[in-house]
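Colleague: Sequence:
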Amino acid sequence: MKHEHKLVHSGAITHSYPFCYRSDTPLIYKAHASWFINVEAVKDDLVKNNLKTKWVPKFIQEHRFHNWLTDARDWCFSRNRYWGNPIPLWISDDGEEIVCIGSIKELEE
Numbered sequence: 562m563k564h565e566h567k568l569v570h571s572g573a574i575t576h577s578y579p580f581c582y583r584s585d586t587p588l589i590y591k592a593h594a595s596w597f598i599n600v601e602a603v604k605d606d607l608v609k610n611n612l613k614t615k616w617v618p619k620f621i622q623e624h625r626f627h628n629w630l631t632d633a634r635d636w637c638f639s640r641n642r643y644w645g646n647p648i649p650l651w652i653s654d655d656g657e658e659i660v661c662i663g664s665i666k667e668l669e670e
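Residue numbering for the sequence shown follows the numbering used here, starting at 562 and increasing by one per position.
Derived by calculation from the structure, the hints in this document are not laboratory data.
Hints are not guaranteed to be accurate.
No farther apart than 27 angstroms at their CA atoms in a straight line, the calculated lysine-lysine pairs in the DSSO-like style are these [stated by the list, open to error]:
id, residue 1, residue 2
1, Lys-604, Lys-619
2, Lys-615, Lys-604
3, Lys-609, Lys-619
For each label pair, taking beta carbons as the anchor points, the in silico distance ranges come out as [as the list claims (entries may be wrong)]:
id, residue 1, residue 2, range
4, His-576, Glu-669, 46 to 54 angstroms
5, Glu-669, Lys-613, 45 to 53 angstroms
6, Leu-588, Lys-567, 52 to 60 angstroms
7, Asn-610, Leu-568, 15 to 23 angstroms
8, Thr-631, Lys-567, 44 to 52 angstroms
Glycine is no exception: its CB is placed at the ideal position from the N, C-alpha and C atoms.
With these hints in hand, go ahead and build the complete structure from the sequences.
Modeller: Written as structure tokens, this is what we have:
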């Protein structure tokens, strides 16, 4: 491209790589399977039910929480174990069987 005078720009870009503030080690991004809640499908109901809730102070209901609900997007709730809470789901290797534990008693059984 350079020899044919078709190169628009050539250069190096320096950027900072994210590091963990605790361990000062690089944060490595990698794709992994995740579970999402389709919040956008129930957003209207969430906004309506927010109006039925008694908030103290009132401005939380009318402004801060209302604004958050109206702008809500689908939510990834399957954070990895280090950053989030464990999800009580066990899935067979072939994906045919999913077991969801709903209580400590159920887990013991």
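Colleague: If a hint holds in the structure, say so; if it doesn't, say that too.
Modeller: To see whether the hints hold, each was checked on the structure:
{"no.": "1", "hint": "Lys-604 to Lys-619", "in the structure": "21 angstroms, holds"}
{"no.": "2", "hint": "Lys-615 to Lys-604", "in the structure": "19 angstroms, holds"}
{"no.": "3", "hint": "Lys-609 to Lys-619", "in the structure": "15 angstroms, holds"}
{"no.": "4", "hint": "His-576 to Glu-669: 46 to 54 angstroms", "in the structure": "51 angstroms, holds"}
{"no.": "5", "hint": "Glu-669 to Lys-613: 45 to 53 angstroms", "in the structure": "36 angstroms, violated"}
{"no.": "6", "hint": "Leu-588 to Lys-567: 52 to 60 angstroms", "in the structure": "37 angstroms, violated"}
{"no.": "7", "hint": "Asn-610 to Leu-568: 15 to 23 angstroms", "in the structure": "57 angstroms, violated"}
{"no.": "8", "hint": "Thr-631 to Lys-567: 44 to 52 angstroms", "in the structure": "48 angstroms, holds"}
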